[in-house]
Amino acid sequence: MVKQKTALILGISGGLAQITAKVLRRENPELRIIGVDNRPISKLPELSGVVYKKLRYSRNDFERLFRSYKFDYVFHLGRMTHAKSNPRASLAQRLDLNVMGTNRILELSLEHNIKKLIMLSTWHVYGAFPDNSIFINENSLLRASIQNADLRDVVEMDQLSTNFMWKNQAEIETVVFRPCSIIGPTIQNSMTKYLTNNFAPVGIDYDPMMQFIHEYDMAKVLSRALKSIPTGIYNVAPDDFISIQDAKKFITPKALPFSIIALEGIAKIINQTSWSVPSYLIDYLKYPCLLSNKELQKHLPKNFMRYSVQDSLELMRLP
Amino acid sequence: MNFTNLINKFSLPESEINHVYDRLSERYTKNPDPWGLKVENTRKSLKIAGGLYRNYFNTRVFGKENVGEENYIVVSNHSGQIPFDGMILSCAFLLEFENPRILRTMVERFVTTIPFFSSFVSESGGVLGDRSNCLELLKRKESVLVFPEGAKGIAKGTKDFYKLQNFTRGFYKLALKQNTKILPVSVIGAEEFYPLVHNFKSIAKLLKIPAFPITPFFPFAGIAGALPLPSPVDVHIGEPIEVNKDLITNYSDDDIDLEVEKVKNSIKSLLNEGLKKRRPFWANKITESLKESELNG
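Chains as they are written, first to last, in the numbering used here: chain A, 22 to 340; chain B, 26 to 322.
In isolation and in its complexed conformation, chain A is listed as follows (with noise of 0.2 Å):
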């Protein structure tokens, strides 16, 4: 009898884990999926198939786990974000979670033959610089805490995944997503926090392109690792752009014109109210940090993504 095949998805209670749990489901019906979070899980709709965790990320805990369950593959999209939406985020707890987090999770994938491991990096690892290359591709250097300290953790779990992946190819398939702008009625990150909140300015004096992948594309191409997409680190875009200025103006038409330069002074009062302003998140308003789809296209069907940068913009503006 063929042994039923077992995912875990860490940080389950994330929007983006929700979808790629359907996803991954509905591709692969036959697959069990246990899905792990810290924060409350009762709230989360029933999944046929999925089975839910309530667990903190200490080494015990996980160890049990990966023990009982035998999974073939990880999915780590378990990343605590800057978001203010999460009181705890401060750098020291990011780190903990992110970066020692991160790395219980690799040692314990290889100590427990995992099949493949698929992690969630971000596209703020490069860093948003007035001399960046439009576009940036996988082997440029991972510059984002030169500028801010803040992002730290990110750079960190990213190299910390990259390492893993080519010291330890020969026995554990790894795949690096660092996908751009990730938006869509359930994210909750930073950019999608500016993007939809009126109390943000639009910009006045800066405005890089960006691209932004809807969350239902992302979930998609995060599915699709699980079989098609080979060990490696890819960049995860669309090919269409809009700027910064356009897509604030198009979710939130009556925010206010305000200076990005008087912005960064005044950040520190303003993340005493309605809206915070992480740091990093300025100089993502300033300058362009574009990805290079290449590599990822070499791996997915023609006309792979669904929504463009239009659609995920209209779809965020939904009530």
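Derived by calculation from the structure, the hints in this document are not laboratory data. Just so it is clear, the structure is predicted and the values come from calculations on it, not from any experiment. Cβ coordinates follow ideal geometry from the N, Cα and C atoms, glycine included. It cannot be assumed that every hint is accurate.
Claimed, not checked - FRET-style restraints, in silico, Cβ to Cβ:
| id | chain 1 | residue 1 | chain 2 | residue 2 | range |
| --- | --- | --- | --- | --- | --- |
| 1 | B | 166 | A | 251 | 30 to 38 Å |
| 2 | B | 33 | A | 329 | 34 to 42 Å |
| 3 | B | 139 | A | 331 | 47 to 55 Å |
| 4 | B | 226 | A | 206 | 48 to 56 Å |
| 5 | A | 285 | B | 232 | 14 to 22 Å |
| 6 | B | 33 | A | 111 | 54 to 62 Å |
| 7 | B | 166 | A | 331 | 49 to 57 Å |
| 8 | B | 232 | A | 251 | 45 to 53 Å |
| 9 | A | 136 | B | 160 | 53 to 61 Å |
| 10 | B | 134 | A | 170 | 56 to 64 Å |
| 11 | B | 44 | A | 170 | 47 to 55 Å |
Claimed, not checked - Straight-line Cα separation of at most 25 Å, PhoX-like style, residue types lysine-lysine; simulated pairs:
| id | chain 1 | residue 1 | chain 2 | residue 2 |
| --- | --- | --- | --- | --- |
| 12 | B | 302 | B | 184 |
| 13 | B | 55 | B | 72 |
| 14 | A | 315 | B | 202 |
| 15 | B | 188 | B | 287 |
| 16 | A | 315 | B | 166 |
| 17 | A | 323 | B | 230 |
| 18 | B | 293 | B | 89 |
| 19 | B | 55 | A | 270 |
| 20 | A | 43 | A | 74 |
| 21 | B | 89 | B | 206 |
| 22 | A | 91 | A | 75 |
| 23 | B | 184 | B | 72 |
| 24 | B | 198 | B | 164 |
| 25 | A | 315 | B | 198 |
| 26 | A | 319 | B | 55 |
| 27 | A | 275 | A | 248 |
| 28 | A | 319 | B | 202 |
| 29 | A | 323 | B | 164 |
| 30 | B | 226 | B | 316 |
| 31 | B | 177 | B | 230 |
| 32 | B | 202 | B | 164 |
| 33 | B | 164 | A | 319 |
| 34 | A | 275 | A | 214 |
| 35 | B | 177 | B | 89 |
| 36 | A | 241 | A | 26 |
| 37 | B | 69 | A | 270 |
| 38 | A | 315 | B | 55 |
| 39 | A | 91 | A | 214 |
| 40 | B | 289 | B | 177 |
Position chain B relative to chain A; hints supplied.
Chain B only, in chain A's frame:
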């Protein structure tokens, strides 16, 4: 005459702007490209820039017959303390040809950091001067404008006006890689926009700009003194230069230097010929006397 009337007098007529825009719309998509080019912004920028080009700098273009429909790496001398020459060349390729094109000007890093101006530049077609940007644009069959003298070209002393500085090799390597023809161009008249008394390099360094020129009019005449002098400009376009195909697969720096020198010589000839044909300008006397005093130490 009020300020609006003055602006209107210097602006290009709407009909001409609309004609250029209609032709551009056939060539470019309405959506911005990854570098931020917004074709519809040509209407706004051309109104003022085109007005300066035609009515303030009285620009003439020679050698239009050398420009075909293919894309080029347009290589020009660089001059004028503030890079108005880039704007003039961009206007020339928009206004002087039946099939206008937006030259993708390679700009210095400091330009991309300037609030407001950086957005204006990228919406008008400017791109950070970087190898991969240039390569990607050439792959998309865009024409790019490069100044291989770099910042040294614009921040020259008066005695070095119209003397070409060292050319970098990058543009030729990119032309080789994409087998793109090089279009040599010279700009005459831009050196005289700001007759230079002194370049405060320390202030320029502090402000992260290539030059901080003190001219006979700036800063002493206030904001008006910061305007370029209305020196008449001539653009001379040479015959396109094919890359040396023997070097496509393998080359040394010495091989590239020889080819770059050929391009430089071609621009030098255009400069020499152009200087003979230039129109008289009252402020050239100031430039000449500054040149003499610089040469006499």
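Hint check results:
1. 166/B to 251/A: 30 to 38 Å: holds, 33 Å
2. 33/B to 329/A: 34 to 42 Å: 40 Å Cβ-Cβ, so the 34 to 42 Å window holds.
3. 139/B to 331/A: 47 to 55 Å: Hint violated: Cβ distance 30 Å, outside 47 to 55 Å.
4. 226/B to 206/A: 48 to 56 Å: The hinted range 48 to 56 Å holds for residue 226/B and residue 206/A, with Cβ atoms some 54 Å apart.
5. 285/A to 232/B: 14 to 22 Å: At roughly 18 Å between Cβ atoms, residue 232/B and residue 285/A fall inside 14 to 22 Å, so the hint holds.
6. 33/B to 111/A: 54 to 62 Å: holds, 57 Å
7. 166/B to 331/A: 49 to 57 Å: violated, 25 Å
8. 232/B to 251/A: 45 to 53 Å: Holds, at about 49 Å.
9. 136/A to 160/B: 53 to 61 Å: violated, 39 Å
10. 134/B to 170/A: 56 to 64 Å: violated, 23 Å
11. 44/B to 170/A: 47 to 55 Å: holds, 53 Å
12. 302/B to 184/B: OK: residue 302/B and residue 184/B at ~20 Å, within 25 Å.
13. 55/B to 72/B: holds, 19 Å
14. 315/A to 202/B: holds, 19 Å
15. 188/B to 287/B: holds, 16 Å
16. 315/A to 166/B: holds, 19 Å
17. 323/A to 230/B: The hint is violated at about 49 Å.
18. 293/B to 89/B: holds, 18 Å
19. 55/B to 270/A: holds, 18 Å
20. 43/A to 74/A: holds, 17 Å
21. 89/B to 206/B: holds, 16 Å
22. 91/A to 75/A: With a Cα-Cα distance of about 18 Å, the restraint between residue 91/A and residue 75/A holds, given a limit of 25 Å.
23. 184/B to 72/B: Answer violated: residue 184/B to residue 72/B is near 35 Å, above 25 Å.
24. 198/B to 164/B: holds, 14 Å
25. 315/A to 198/B: Judged against 25 Å, a Cα distance of about 23 Å means the pair holds.
26. 319/A to 55/B: violated, 28 Å
27. 275/A to 248/A: violated, 45 Å
28. 319/A to 202/B: OK: residue 319/A and residue 202/B at ~23 Å, within 25 Å.
29. 323/A to 164/B: Cα-Cα ~21 Å, so holds.
30. 226/B to 316/B: Holds - the C-alpha atoms of residue 316/B and residue 226/B are around 19 Å apart, at most 25 Å.
31. 177/B to 230/B: holds, 14 Å
32. 202/B to 164/B: Distance ~10 Å between residue 202/B and residue 164/B Cα, so the pair holds.
33. 164/B to 319/A: holds, 19 Å
34. 275/A to 214/A: holds, 15 Å
35. 177/B to 89/B: violated, 28 Å
36. 241/A to 26/A: Holds, at roughly 19 Å.
37. 69/B to 270/A: holds, 20 Å
38. 315/A to 55/B: holds, 24 Å
39. 91/A to 214/A: violated, 38 Å
40. 289/B to 177/B: holds, 15 Å
Figure legend: structure checked against the earlier numbered hints; hints not met, in rising order: 3, 7, 9, 10, 17, 23, 26, 27, 35 and 39.
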